[in-house]
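Chemist: The lines below spell out each chain.
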Amino acid sequence: MNETRYLPRTALGLLIEAIQDGGYRVIGPRPEIGQGGLAFREISGVEDLPQGVVDHQSPGRYRLEGSGSARNFSWANTASAIKPYVFAPREKLWRVVRKEGRLSFESMQHELQKTAILGVRACDLAALAIQDAHFLEATYRDPYYKARREKLLLVAVNCSHAAATCFCASTGDGPEVVSGFDILLDELDEGFLLRTGTTRGAVIVADLPCEPASSEQIRQAWDQLQHCREQQRALPPASELAGFADKLDDPRWAEIAERCLACGNCTAVCPTCFCHREFDSPALDGVSTERWRDADSCFNADHSYIAGQIVHPGTRERYRQWMTHKLLSWTEQYGRTGCTGCGRCITWCPAGIDFAEEANIILAKKGAAT
Amino acid sequence: MISDNPYLPWEAEIVERTQETPDIFTWKLRLTDPEVARHYRFRHGQFNMLYLFGVGDVAISVMSGDEEFLWHTIRAVGRVTRAMMELPVGACIGLRGPYGNAWPLEQAKGRDVVFVTAGLGCAPVTSSVKYVIAHRQEYGRLVIMQSVRHRHEGLWEPQYDAWRSLPDTQVLLTASRDKTRWPNWELGRVSVLLDKADYDKQNCVVMMCGPDAMMQDTASTIAALGVPAQDIYLSLERNMQCAIGHCGHCQLGGSFVCKDGPVFAWPQVEAAMSVKGF
Numbered sequence: 134m135n136e137t138r139y140l141p142r143t144a145l146g147l148l149i150e151a152i153q154d155g156g157y158r159v160i161g162p163r164p165e166i167g168q169g170g171l172a173f174r175e176i177s178g179v180e181d182l183p184q185g186v187v188d189h190q191s192p193g194r195y196r197l198e199g200s201g202s203a204r205n206f207s208w209a210n211t212a213s214a215i216k217p218y219v220f221a222p223r224e225k226l227w228r229v230v231r232k233e234g235r236l237s238f239e240s241m242q243h244e245l246q247k248t249a250i251l252g253v254r255a256c257d258l259a260a261l262a263i264q265d266a267h268f269l270e271a272t273y274r275d276p277y278y279k280a281r282r283e284k285l286l287l288v289a290v291n292c293s294h295a296a297a298t299c300f301c302a303s304t305g306d307g308p309e310v311v312s313g314f315d316i317l318l319d320e321l322d323e324g325f326l327l328r329t330g331t332t333r334g335a336v337i338v339a340d341l342p343c344e345p346a347s348s349e350q351i352r353q354a355w356d357q358l359q360h361c362r363e364q365q366r367a368l369p370p371a372s373e374l375a376g377f378a379d380k381l382d383d384p385r386w387a388e389i390a391e392r393c394l395a396c397g398n399c400t401a402v403c404p405t406c407f408c409h410r411e412f413d414s415p416a417l418d419g420v421s422t423e424r425w426r427d428a429d430s431c432f433n434a435d436h437s438y439i440a441g442q443i444v445h446p447g448t449r450e451r452y453r454q455w456m457t458h459k460l461l462s463w464t465e466q467y468g469r470t471g472c473t474g475c476g477r478c479i480t481w482c483p484a485g486i487d488f489a490e491e492a493n494i495i496l497a498k499k500g501a502a503t
Numbered sequence: 385m386i387s388d389n390p391y392l393p394w395e396a397e398i399v400e401r402t403q404e405t406p407d408i409f410t411w412k413l414r415l416t417d418p419e420v421a422r423h424y425r426f427r428h429g430q431f432n433m434l435y436l437f438g439v440g441d442v443a444i445s446v447m448s449g450d451e452e453f454l455w456h457t458i459r460a461v462g463r464v465t466r467a468m469m470e471l472p473v474g475a476c477i478g479l480r481g482p483y484g485n486a487w488p489l490e491q492a493k494g495r496d497v498v499f500v501t502a503g504l505g506c507a508p509v510t511s512s513v514k515y516v517i518a519h520r521q522e523y524g525r526l527v528i529m530q531s532v533r534h535r536h537e538g539l540w541e542p543q544y545d546a547w548r549s550l551p552d553t554q555v556l557l558t559a560s561r562d563k564t565r566w567p568n569w570e571l572g573r574v575s576v577l578l579d580k581a582d583y584d585k586q587n588c589v590v591m592m593c594g595p596d597a598m599m600q601d602t603a604s605t606i607a608a609l610g611v612p613a614q615d616i617y618l619s620l621e622r623n624m625q626c627a628i629g630h631c632g633h634c635q636l637g638g639s640f641v642c643k644d645g646p647v648f649a650w651p652q653v654e655a656a657m658s659v660k661g662f
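These protein sequence lines are chains A and B, in that order.
Take the first sequence: its letter number 345 is residue 478 in the numbering used here, and every next letter is one higher.
Take the second sequence: its letter number 21 is residue 405 in the numbering used here, and every next letter is one higher.
The following block holds chain B by itself, in its conformation from the complex:
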């Protein structure tokens, strides 16, 4: 039943789980109430609140989804997510959403599309990359940049390899702390990829997801390279509990990141993000 209570989760079943790395796992989820499942539609870049019985909930972006299933990729890093990693296939969780705004995929049509991600920031853009690939003729060049600390922490390398073989598509990967330079991998942070990326700086949309500092550095760098600031988008992470703009934890200046974001154009947040600890 669809409740008018925005705080009430729905039941979702873990249909499959994949242990991606020692601390990252992916759930394939199914909303168990057919009516809820029928009404549930997410836009690329939105997130759900995932709830573990008796423990609590966390804001996790939708990695991918279709008519039947939702995929979430989660790092076991806190009290809730560590306990979530223990759940077996068949277990049920709570889910409510989708929340927040979406990546500017409509606005990006006819332009080059650039994704810059670090660490698990690759998950919130995955469905968007897939969308661009599925509508390849509507977009210009596709550039995907992903940075990790160590190659063995990276996710979905076969998928990146597959994307690399697509026409007009560039995939750039880097590992900042590896000693060995693997084929198709650079050594260093995102900045080493920015020099190699080939896209129309005047006619592109850049979408970024990663730690604040990485996104600030990258936004400043590519803005200096000539990308108009309003074409640079960031997805922010903040403490989220209600996800509907009530609980107050996610505020950044005048924005509630949960409902005004999580995706912001760089000029919207540049001033606030440049003040340390704000």
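Chain A with its partners taken away, still in its complex shape:
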């Protein structure tokens, strides 16, 4: 099952068709019209994929530029992660009907379509494992996440270039995909190396016109992955992150808060952020109401609201919550950090706050700054 085969570029469309024939809708990277970025959206075929496009990312900046190559996956990562296809940003939880004073609650039955995501990166898969730990493997299991997760087919593509904002090598989550995929591709100029990780992945690719991969092709793929390991940013080593416990009163939090707009973009694009709020959406006739949840952000004032008090009253406290949750308390909760080094929080911060750099600055200062 794990032998590496070669799929010519001309057969990529056949792979997509084979997935569709398996009953899946296919989600892939798609240029966002008028937005200048890539996002995971439904695609009907190869023609919807970006081609010859490279992303240039830096704090607060994302630009796609043409490279002239025939490659479809020559970008580092998309604007939004695959998170919305598992942890939906808006989900209907249940419905209640009031009749003659009595309430009857109905769980929402989700008729979900099987969904394949093409172009998933190592950081995305690592983040998915983190969300699985939260929504599926903790004390309670989330039925909505579970329903979507079970319908998911993951077609990963190893990175061939790292953006300036990437730091997955330092978190240990990339750039190489090692697990969690159904099908794994490495993109070369003329085609793809193809491996499968599960039986259902193997079934889908069974009839594709693959050839055995040559050692030269395997070496090329290895070389481009090696190249991706050279990244411009790095988090401090995991062994040092416990140091945040002594940095909770560091003056740097206030300095960051001077720049931070508390807009929550970082939490929206973060592939591991799981916070959500629940709310009612009552029908106007007063007879029924629906219970929904929306993705929430720890940068919102009401995120920590309790009667008469906001536990995290200002941007300083909220940025501190965001960073120390990712890098300190997540490890207490789930045995690893909540950051896979995708760098989206850096790119999509309108103030260009550099998460990795700030973490290094705060931890590098010696002694508690109280």
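Hints listed in this document are in silico derivations from the structure and should not be mistaken for laboratory results.
It should be emphasised that the depicted structure is a prediction, and the values quoted were computed from it without experimental measurement.
It is possible that part of the hints are untrue.
Dumping the calculated SDA-like pairs for lysine to any residue here, alpha-carbon to alpha-carbon at most 25 Å [stated by the list, open to error]: (1) LYS643(B) to LEU226(A); (2) LYS660(B) to ALA390(A); (3) LYS232(A) to CYS476(B); (4) LYS284(A) to SER387(B); (5) LYS643(B) to ALA221(A); (6) LYS232(A) to GLU400(B); (7) LYS232(A) to VAL439(B); (8) LYS660(B) to ILE486(A).
Keeping the supplied structure of chain A fixed, place chain B upon it in accordance with the hints.
Modeler: Here is chain B on its own, set in the frame of chain A:
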């Protein structure tokens, strides 16, 4: 029917309601589905999510309960609870739970038991006080301290009087903003009661519920008086929406207060609570 969806409430009927003070009321509730009622068992210190049709839900600790009924005491302080106060007897709400951990009543056996509460913090310990009284021979001295701003805001004074008359039991009440000193009442905050409380500092369990600042001050004070920090317990209040450790609002450091708490031993939360705004 018991659903496998942890978000789905059950219907509960308000069987009785008591207006305790102008803004505090107590509901006696009955789960209307007999199968749900039969399976529902709470431990002292746990909470339920109470849901008002079309408005929303709130985390409220179980004040008391028996085989048939549940009691919740609620202050009308926010959007949901103010609307809840308008509901008449016979109205139905949604209820799901119980959630969270419980007071260490087993661990407290053979020791003195000390309750320190402020304001409506008295409600989450009520069922535990009743339990200790019902199993009086298994515990040492019982000390109950309650602090309010004004005596007229205090709840259940006749009950405190009844508890005061029990053997080996001390009930201390204080009003921090009253001018008049009433019989059996002190003037001042919880700290004035701590001096008068008589219990074995080396062999007790302290259970506290009130505002964070009050619990932090009290924990530090009684730890300094010689009570081992691990014998001091606090019940915390945070924003709770899912109550099952998913929504993220209640986090305090690495703890989800809803499922890892709401009851914590002081050493578990001392560091996090001592950082302002954390």
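Chemist: Next step is simple, just say for each hint if it's right about the structure.
Modeler: Going down the list of hints, with the structure as the test:
no., hint, verdict
1, LYS643(B) to LEU226(A), "20 Å, holds"
2, LYS660(B) to ALA390(A), "16 Å, holds"
3, LYS232(A) to CYS476(B), "11 Å, holds"
4, LYS284(A) to SER387(B), "22 Å, holds"
5, LYS643(B) to ALA221(A), "23 Å, holds"
6, LYS232(A) to GLU400(B), "21 Å, holds"
7, LYS232(A) to VAL439(B), "17 Å, holds"
8, LYS660(B) to ILE486(A), "24 Å, holds"
Hint violations for this structure: none, all hints satisfied.
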